[in-house]
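Each chain is listed here by its residues.
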Amino acid sequence: MENCAQKKKYLAKDYKSELKPIWCPGCGDYTVLNAITRALAEMALPPEEVAVVSGIGCSSRIPAYTSVYGFHGVHGRALPVATGLKLARPDLTVLVTGGDGDGFSIGGNHFLHACRRNVDLTYIVMDNQVYGMTKGQASPTTAPDWEGSKLTPDGTGINPFQPLVVGLASGANFIARVSASDPVNMAQIIVEAVRHPGFSLVQVLSPCVTFRPEQQEWRDIVRTAVVDYTDDAARAARRLMTDDGFNVGKVLYKGSRPPYRPEFEASNGSIGELEARFAL
Amino acid sequence: MTVQSVSLTIAGSGGAGVVTAGSLLLDAAARAGWYALMSRSSGPQIRGGEAAAMLRFATEPIMSHDDSFHLLMAIDWDNITRFAAEIPLTASSLIVGDPAHGDAPAGLLKNSPRVAALPMSEIAGGIENGRPNMVALGAIAAMIGLPPAAMRIVVETALKKKGPAAIEASMAAFFAGIDAAKNLPAIPRLPNVAADALPRWSITGNEATGLGAIRGGVRFVAAYPITPATEVLEWLAPSLAKVGGMLVQAEDELASINQIIGASYGGVPAMTATSGPGLSLMIESLGLAVAAEVPIVVVDVMRVGPSTGIATKSEQSDLNIAVYGLHGDAPHVVVAANSVADCLFTTQWAVHLAEAMQVPTLVLTDQAMGQARAILPKPAELTFIGQREVATAAVEGQRYKRYAMTGSGVSPMAIPGTPGLTHTADGLEHNEFGTPSSQASDHQAQMDKRSRKISQFNYGDHWAEIIDSEVGAGDTAIITWGSATGPAREALQRHADAGGKARLISLRLIAPVQPEKMAEALRGITRAVVVEQSHSGQFYRMLRAFYELPAKTLSLHQGGPLPFGPQQILDQMKQLNAGSA
Chain A
1 MENCAQKKKY LAKDYKSELK PIWCPGCGDY TVLNAITRAL AEMALPPEEV
51 AVVSGIGCSS RIPAYTSVYG FHGVHGRALP VATGLKLARP DLTVLVTGGD
101 GDGFSIGGNH FLHACRRNVD LTYIVMDNQV YGMTKGQASP TTAPDWEGSK
151 LTPDGTGINP FQPLVVGLAS GANFIARVSA SDPVNMAQII VEAVRHPGFS
201 LVQVLSPCVT FRPEQQEWRD IVRTAVVDYT DDAARAARRL MTDDGFNVGK
251 VLYKGSRPPY RPEFEASNGS IGELEARFAL
Chain B
281 MTVQSVSLTI AGSGGAGVVT AGSLLLDAAA RAGWYALMSR SSGPQIRGGE
331 AAAMLRFATE PIMSHDDSFH LLMAIDWDNI TRFAAEIPLT ASSLIVGDPA
381 HGDAPAGLLK NSPRVAALPM SEIAGGIENG RPNMVALGAI AAMIGLPPAA
431 MRIVVETALK KKGPAAIEAS MAAFFAGIDA AKNLPAIPRL PNVAADALPR
481 WSITGNEATG LGAIRGGVRF VAAYPITPAT EVLEWLAPSL AKVGGMLVQA
531 EDELASINQI IGASYGGVPA MTATSGPGLS LMIESLGLAV AAEVPIVVVD
581 VMRVGPSTGI ATKSEQSDLN IAVYGLHGDA PHVVVAANSV ADCLFTTQWA
631 VHLAEAMQVP TLVLTDQAMG QARAILPKPA ELTFIGQREV ATAAVEGQRY
681 KRYAMTGSGV SPMAIPGTPG LTHTADGLEH NEFGTPSSQA SDHQAQMDKR
731 SRKISQFNYG DHWAEIIDSE VGAGDTAIIT WGSATGPARE ALQRHADAGG
781 KARLISLRLI APVQPEKMAE ALRGITRAVV VEQSHSGQFY RMLRAFYELP
831 AKTLSLHQGG PLPFGPQQIL DQMKQLNAGS A
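Heads up: the sequence lines are chains A and B, in that order.
Just so you know, we're using this note's numbering here: the first sequence kicks off at 1 and counts up by one.
Just so you know, we're using this note's numbering here: the second sequence kicks off at 281 and counts up by one.
Rather than coming from a laboratory, the hints here were simulated on the basis of the structure.
Some hints here could point you the wrong way.
[To be verified] For lysine-lysine, the following DSS-like pairs were computed, each having C-alpha atoms within a straight-line distance of at most 30 angstroms: (1) B/K781 x B/K797; (2) B/K681 x A/K16; (3) B/K729 x A/K16; (4) A/K8 x B/K681; (5) B/K658 x B/K441.
[What the hints assert, rightly or not] To give an idea of the interface, some chain B residues facing chain A are shown, with a C-beta separation under 8 angstroms as derived from the structure: (6) L561; (7) E564; (8) A705; (9) G707; (10) M798; (11) L802; (12) I805.
[Claimed, not checked] Here are the computed distance ranges between Cβ atoms for each label pair: (13) A/D14 x B/G524: 30 to 40 angstroms; (14) B/A429 x A/A279: 14 to 24 angstroms; (15) B/D383 x A/R277: 39 to 49 angstroms.
Cβ atoms here follow ideal geometry from the backbone N, Cα and C, with glycine treated the same way.
Produce the entire structure from the sequences given, and follow the hints as far as they go.
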């Protein structure tokens with residue numbers, strides 16, 4: 001039983017490290033870092049009970065900029081690392097951060113199966129429709145006619161990946177889209193995402209000012225979604241498939257699937273019992 | 281003395297119950313107090329393909345198959361010639377077939393073995409629910425001297441759920457087989473063994489690997505199904521659950537290794553098991569575990585490569601990828617089991633090494649030992665279990681250094697949940713705090729540290745198994761590793777029986793290399809034969825690169841899937857000595 005002693009209070013800065021981000025001035029990821037630390041303060045989670053896991057890319061640098069436990073792995077594999085960590089340590093709050101290339105291209109298969117497996121994780125994807133760290137190539141969410149990369153000078157000609165639609169179809173238990181231009185709202189949505197059991201997917205429209213300067217206009221284009229979330233996957237699918245990608249600021253879908261947790265007998269066996277089965 | 285043994289193969293098409301018959305025979309032999317080894321070979325079909333169970337029985341522990349088989353019991357002849365190369369027969373071998381399926385195919389008769397008929401299907405047909413494979417088992421039992429009482433217990437256990445009628449039908453067919461065997465030519469028989477035989481286990485290499493992991497402290501396993509490693513996982517799934525751990529079936533091998541990295545970062549010793557194709561996929565993240573210093577164990581049950589190769593058959597050809605596959609300079613540990621029983625020891629040791637040094641440790645076993653079942657002496661209790669050096673409390677006024685410089689190179693690791701020690705573990709090169717750094721001095725310091733922790737570690741006597749012939753080591757060595765150790769041991773034994781001196785050196789620690797220990801082991805040795813199941817001689821080349829080998833060293837290397845026979849190794853030893861006069 002908890003006594004009446006007041007829960008320790010935290011400020012957003014308590015979750016920030018002293019490291020200066022490598023990001024360009026004006027990058028949307030600064031706001032995401034702020035929103036994450038704000039959300040953690042709001043939940044008053046002791047920093048040692050939180051882990052932030054990432055792969056490779058500009059936004060994947062976030063763990064080192066926090067003061068919680070961090071793991072910065074290889075490109076595309078943040079979700080499996082986080083899955084193993086959360087299953088082994090269900091007491092921790094585990095966030096996963098990364099970009100659209102890390103999550104939907106090289107890590108695409110893990111994205112599908114993380115949604116399907118529904119481990120209690122919060123996945124924050126900073127989507128800027130470009131590979132920033134390698135200096136501006138088309139990503140899975142880039143429009144087909146974007147001609148800004150020497151790799152695809154005539155555009156990719158490929159329809160962009162629809163992360164929220166795919167996430168919904170794959171079984172994500174919580175889906176939201178937010179804009180880097182509104183950190184207060186983003187922090188609120190992250191709090192909701194963390195508190196919702198199972199796999200929570202938060203897409204952040206986070207502009208890349210260097211390789212997609214036109215994305216600075218996103219702050220004027222985005223609009224707060226007019227409808228509240230649904231728990232009906234079919235309705236959510238219709239909405240997500242018909243929206244233009246700029247409805248932000250609200251949770252779009254909340255499911256009620258129980259989180260994945262392998263069943264095991266409560267440690268009541270012994271190694272001796274296992275060995276006895278081999279004895280003649 | 282060379283072990284007195286009898287070797288036989290039961291072969292037949294799908295549905296003939298070949299593997300079942302082999303398992304029953306193995307269990308009955310165990311009941312009778314014998315030791316045994318059973319390997320299996322199967323065609324590529326998912327179900328119903330031809331199969332062969334290769335068995336060797338002895339009254340003493342055995343490590344290897346013999347050069348040839350005394351008996352081939354063919355329940356039918358379907359596709360049997362596909363196995364011909366794996367079932368060496370001599371003029372004194374005996375083929376027993378069912379005349380209802382025609383004559384033995386010419387492909388089996390190259391060395392003029394004796395051939396006899398046993399009308400298994402006709403005899404089985406005369407018994408209600410009688411099956412030809414039980415008739416075959418009766419005949420085999422009669423020929424090799426296996427007491428029927430032992431078989432009754434085994435059949436009763438195996439058919440308990442099917443009821444007494446099924447048991448009696450099986451035993452009736454079995455006794456009819458014993459009866460019919462009176463007309464068959466003789467093969468070697470084993471004597472009865474005293475009932476107070478030493479405690480023995482019946483276990484496969486893959487099960488032993490799983491048990492070694494649990495004994496070592498592994499409580500989280502993530503893996504993707506792959507032949508021939510799947511049985512490690514199938515044994516671990518329910519067993520881990522019983523001791524408070526868990527197994528997760530991952531979406532692919534990339535996920536498998538990264539899940540175990542995550543679990544181990546969380547403080548829970550973790551492992552995955554795979555085969556060559558899966559190991560290839562895991563290589564990038566093995567490097568991550570090196571750089572971020574996360575202990576993990578990766579078991580590779582090797583099969584014939586490259587690419588998909590021959591998924592169901594054995595080879596020792598993943599040595600290069602295990603040792604050299606990682607990009608960058610990435611010090612890590614590679615160990616190899618040398619027998620079914622040693623899968624237990626080596627895997628448990630691997631967990632210990634991984635945890636103690638915070639380093640990824642690869643365990644190489646292979647299909648031959650992984651899928652073989654052995655009746656063997658009860659393995660010894662081992663004391664070492666994984667012990668990680670953990671940082672438990674913050675030092676006042678000092679920021680925690682996850683990758684602190686230490687004499688041993690091992691830095692105390694803070695486990696998430698520990699107040700005051702938060703940090704980010706990183707695959708990017710970093711400084712002592714874990715902060716990403718591209719400075720030459722940080723790279724140098726961290727490289728030195730990661731290299732130092734595995735080069736300075738005390739591996740004790742476990743680095744190799746060294747066995748001298750009963751008459752001494754003399755000046756000749758057999759240097760080998762993994763599954764090739766079994767036939768090499770038997771070659772050493774036969775060499776000793778003929779009065780020959782030699783030393784067997786089987787490496788368990790493949791990397792890091794141990795040149796000083798090898799120099800000590802090779803003291804007084806002037807000639808050596810290196811034995812391995814690799815077409816290109818990967819092991820020989822590695823030895824040449826890192827060790828001072830005797831001036832006269834021969835390389836006996838062949839690709840899989842055919843195993844070495846002891847005689848092949850003896851022939852090589854003779855050749856070694858022939859030119860030396």
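**Study point:** Hint validity - B/A705 Cβ closer than 8 angstroms to any chain A Cβ
**Key:** holds (5 angstroms)
Check your understanding: Is B/K781 within 30 angstroms of B/K797, Cα to Cα?
Key -> holds (21 angstroms)
Review point. Honestly, do A/D14 and B/G524 meet the 30 to 40 angstroms range at C-beta?
Key: holds (34 angstroms)
Practice item. Sort out whether B/K681 lies within 30 angstroms of A/K8, counting only the CA atoms. Key: holds (26 angstroms)
Check your understanding: Under the criterion of a CB-CB separation shorter than 8 angstroms, is B/I805 in contact with chain A as hinted?
Key -> violated (38 angstroms)
Check your understanding: Holds or violated: B/K729 with A/K16, Cα cutoff 30 angstroms?
Key -> Distance of about 29 angstroms is within 30 angstroms: holds.
Practice item. Mind checking the alpha carbons of B/K658 and B/K441 for me, to see if they're no more than 30 angstroms apart? Key: holds (29 angstroms)
Check your understanding: For the hint on B/L802, does the least C-beta distance to chain A fall short of 8 angstroms?
Key -> Violated - the Cβ of B/L802 stays beyond 8 angstroms from chain A, reaching only about 37 angstroms at its closest.
Review point. Hint check: is the beta carbon of B/M798 less than 8 angstroms from a beta carbon of chain A?
Key: With Cβ-Cβ at 34 angstroms, over 8 angstroms, it is violated.
Review point. That 14 to 24 angstroms hint for B/A429 and A/A279 (C-beta), does it hold up?
Key: holds (20 angstroms)
**Study point:** B/E564 as an interface hint toward chain A, with CB separation required under 8 angstroms
**Key:** Since chain A brings a Cβ to about 6 angstroms from B/E564, closer than 8 angstroms, the hint holds.
Check your understanding: Against chain A, is B/G707 within 8 angstroms by beta-carbon distance?
Key -> With a closest approach of 6 angstroms, the B/G707 hint holds.
Violated hints for the displayed structure, listed by number in ascending order: 6, 10, 11 and 12.
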